[in-house]
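Residue numbers (the numbering used here), protein chains in the order written: chain A, 1 to 330; chain B, 1 to 494.
Read the hints as simulated data drawn from the structure, not as lab findings.
For every residue, glycine included, the Cβ atom is placed at its ideal position computed from N, Cα and C.
The reader is advised that the hints may include incorrect statements.
Stated by the list, open to error - One-sided and incomplete, this derived list gives chain B residues near chain A with beta-carbon spacing under 10 Å:
1) Ala56
2) Glu81
3) Gly102
4) Tyr104
5) Asp196
6) Asn200
7) Glu271
8) Met275
9) Ala436
10) Asp437
11) Ile445
12) Thr457
13) Glu473
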Amino acid sequence: MSLKRMPAERGNIFPESYRRRDKKRFSADDVELIGISLPTVIWYLAFCYVPMFGIVFAFKSWSRDPKQGFLYNLFVESEWVGFGNFKFLFLNPKIWNYIGNTLTYNIIFLLIGITFPVALAIAISYMYSSKLRKVCQTATFLPHFLSWVVISYFVYAFLSTDRGLINNMILNAGGTPIKWYQDTKPWPYILIFLNTWKTFGYSMVVYMASITGFDQSMYESAVIDGATIWQQIKGITLPLLRPILSIMFILNVGNIFSSDFGLFYHVTRNSGSLAQATTTIDVYVYKALMEDNNYGYSSATSLLQNTIGCILIIITNMAVKKIDPNSGLF
Amino acid sequence: MKKLVSLALVLAMLLCVGVSVASAEEPIKLIWWTSTMGDAPIDAQKVVDAANKISAEKIGVVVDLQFKTSDQLVMDFDAGEYYDMVFTCDWYNDFDTNAAEGLYYNVEPLLKEHAPALYDAVDPWWKAAQLEVTMEDEDGEEIVVDGIWGIPALKDLGIQVFFRLNQDFYEGELGWTIPETMEFADLEKYLKAWKDVHPNEYPLHMTKSGLSGFWQEHQEIVGDYLVIPYKTDEPTKVVPIWENPYYVEKVRCLHKWYELGYINPDAAINESLPMELRTPVRSGTAWNGYKGWSDPSVYGFNVKLSQYIGPYMSRASMQGALHAINAAATEEKAIAALKYFELLYTDTAFRDLLAYGIEGEHFTYASNGTVIRTALGSENYSFDTYVTGPVISASVRSANETVLGDPNQWDVVYEQYEKAVIAPVSGFRYDKGDYADLCTVLQDIYMEKYSELCTGTLDPDEYFATVSAKMYELGLQDVIDDVQAQLDEYMASK
Numbered sequence: 001m002s003l004k005r006m007p008a009e010r011g012n013i014f015p016e017s018y019r020r021r022d023k024k025r026f027s028a029d030d031v032e033l034i035g036i037s038l039p040t041v042i043w044y045l046a047f048c049y050v051p052m053f054g055i056v057f058a059f060k061s062w063s064r065d066p067k068q069g070f071l072y073n074l075f076v077e078s079e080w081v082g083f084g085n086f087k088f089l090f091l092n093p094k095i096w097n098y099i100g101n102t103l104t105y106n107i108i109f110l111l112i113g114i115t116f117p118v119a120l121a122i123a124i125s126y127m128y129s130s131k132l133r134k135v136c137q138t139a140t141f142l143p144h145f146l147s148w149v150v151i152s153y154f155v156y157a158f159l160s161t162d163r164g165l166i167n168n169m170i171l172n173a174g175g176t177p178i179k180w181y182q183d184t185k186p187w188p189y190i191l192i193f194l195n196t197w198k199t200f201g202y203s204m205v206v207y208m209a210s211i212t213g214f215d216q217s218m219y220e221s222a223v224i225d226g227a228t229i230w231q232q233i234k235g236i237t238l239p240l241l242r243p244i245l246s247i248m249f250i251l252n253v254g255n256i257f258s259s260d261f262g263l264f265y266h267v268t269r270n271s272g273s274l275a276q277a278t279t280t281i282d283v284y285v286y287k288a289l290m291e292d293n294n295y296g297y298s299s300a301t302s303l304l305q306n307t308i309g310c311i312l313i314i315i316t317n318m319a320v321k322k323i324d325p326n327s328g329l330f
Numbered sequence: 001m002k003k004l005v006s007l008a009l010v011l012a013m014l015l016c017v018g019v020s021v022a023s024a025e026e027p028i029k030l031i032w033w034t035s036t037m038g039d040a041p042i043d044a045q046k047v048v049d050a051a052n053k054i055s056a057e058k059i060g061v062v063v064d065l066q067f068k069t070s071d072q073l074v075m076d077f078d079a080g081e082y083y084d085m086v087f088t089c090d091w092y093n094d095f096d097t098n099a100a101e102g103l104y105y106n107v108e109p110l111l112k113e114h115a116p117a118l119y120d121a122v123d124p125w126w127k128a129a130q131l132e133v134t135m136e137d138e139d140g141e142e143i144v145v146d147g148i149w150g151i152p153a154l155k156d157l158g159i160q161v162f163f164r165l166n167q168d169f170y171e172g173e174l175g176w177t178i179p180e181t182m183e184f185a186d187l188e189k190y191l192k193a194w195k196d197v198h199p200n201e202y203p204l205h206m207t208k209s210g211l212s213g214f215w216q217e218h219q220e221i222v223g224d225y226l227v228i229p230y231k232t233d234e235p236t237k238v239v240p241i242w243e244n245p246y247y248v249e250k251v252r253c254l255h256k257w258y259e260l261g262y263i264n265p266d267a268a269i270n271e272s273l274p275m276e277l278r279t280p281v282r283s284g285t286a287w288n289g290y291k292g293w294s295d296p297s298v299y300g301f302n303v304k305l306s307q308y309i310g311p312y313m314s315r316a317s318m319q320g321a322l323h324a325i326n327a328a329a330t331e332e333k334a335i336a337a338l339k340y341f342e343l344l345y346t347d348t349a350f351r352d353l354l355a356y357g358i359e360g361e362h363f364t365y366a367s368n369g370t371v372i373r374t375a376l377g378s379e380n381y382s383f384d385t386y387v388t389g390p391v392i393s394a395s396v397r398s399a400n401e402t403v404l405g406d407p408n409q410w411d412v413v414y415e416q417y418e419k420a421v422i423a424p425v426s427g428f429r430y431d432k433g434d435y436a437d438l439c440t441v442l443q444d445i446y447m448e449k450y451s452e453l454c455t456g457t458l459d460p461d462e463y464f465a466t467v468s469a470k471m472y473e474l475g476l477q478d479v480i481d482d483v484q485a486q487l488d489e490y491m492a493s494k
């Protein structure tokens, strides 16, 4: 379909003949569309829906009969235990500390993850030099490709007690070295800084793509009317960004009970001294179940996290739609 | 035409006979899962191919040897992947737990008939693999089977933990004599001597796991926190770990040494201790006469061992290495596995092949018949020998032509074991039952700062006071009472 033949109005992008067709008839166009979507549909079915039967683990006490296959063992051999597997999570009084950590970090990440990349995307879009713009974009995007394990070694090079760069600087200045991996106080700031540094470049690209697509004539009109840059941002850029901001916000709220395992486990080098300030639900479950390999407990925790995430997405979507009916995700 | 048809028929018949003969002589193939800490050795397949040629000819059995990490093994087990033999022990793919679940084959009825030489070679240590397992018979009735559920790969069976000291420095430069045994606290003067000469180095450099084997003053009964000390007047009483004075004394020493700067300050988060780090004191579990740590080209100096723990014996220590057969395997495969182990126990050349690789390529024989690994062997085919079979039937390893091992070292070591006292609770396994989730939580609480504890980073007295208060509040006493009740019942039944 050429662009010339596409109707300009939103919602009428399909030709009249297509819209009026008898839905029961299967046309050549349908074959094409099904062909295009098939790999994605199969991918989703195979990797997202079929494995969902694993939820059963959350309500089973896993046991094995060596003469039987995995499915038989899961559905027949393993006993139902109801909500027994969920009990484990709340037996440990420290769980509230871990839930608190997960929520606090995620809320901060959520706020910074929206304001910081948007501000930077807008700033970069006002750069006159396209070369400098590209350099900035690439520089901010690069950390996205580093794994947390690699970053953890960089961080250690800075924070090592006896060989770290920072402690060497402190020593040279006549101070006392700090045992970074035993002191909880600086770690919330370190983790927030690192997460922002690693992720904002990627988020920024999403907002940059939107900003680049805005109708430039609106900005020209605003300039002719004497609008300052701040007024242009406030009056044009931010309102136009609202739909994408809402979608990003709703999607991120869904992950508020989960955490980036690499950040909280590897970067802190799993230091027990930092546990109180840096252990999140995922890290706790990993550490607590590392020895037992208890699938029931870990599945129960994941199910709980995802159920809460799903409910939060629905609530946030409803709230967003209440404020602005056009900005919801669904 | 008739001739052609006849010829074709004759050829076809010959072919069929050929195929049937070939299939009759086809060796039995065993899928064998074994342990590795990381990747499989690079030359593993090459060595296994060479071994298969010999075993196919001698006993009609070949193996598909697969190296798996602990995580991979658990996943493959649970996914229902098929195997015939698997490496199992006290610390990897837990033998007692899996055998009690009925995952392994009872080899006891087959042993004397099909592998008598194997039976004799392992005797009297079959008890390491002996267990009473509750099973269902053909009518669905519960029965208790007292069987042998694995083949012990005999190696050192007792617990002896040694300091590995820089002999060149302490004996060569300082003129001291490193004793055969010492107390843990005695190490302080060695640490101080090194620190005095090398003020910017840490003589007791360690990883977050602490000194290898230093905790083995007790049998762990539940997790890492409920134990029975080896040295105690009440050898069947379960106590929290902080009530074992020998362990507590060690962690107190470590904390003192940490404060004195003998231990690296980031030990609690340190993941590795490479050989290139010429730390003058290391620790390890071994046996008298062990030369595996004595090669100066690897360690940078001559090493002398000094024992500071043991010798102790328990069921756990006897279960250092076993190979079990899948309960789902056929009798034919079970017999093949027994015959394969019989060959490993009785044919030293075959055993050396799987243990050290190909002669001339991966190792050479020293003048006294012991084995010296080549550089290629150390690089491409090096792992803990017991993962491919018994250690006592392989040739003893020497560090090099000047640091030779005693070819008869196992006779000496096993003579000691015959007189050794085995901890009385050997064979007891705690059934957590309704306390399973509480035990997991208690373990998490105890382990939260374990790395800091075992590296001396924190004050152990403060730590034990804090965690014990938390653990008792959550119900530790209930777990202790339950374990003790089960243990008393077990001891009464014995």
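Open item on the list: Of all the hints numbered above, which does this structure not satisfy? Sort the numbers upward.
Closed with: Per hint list: 1, 5, 8 violated.
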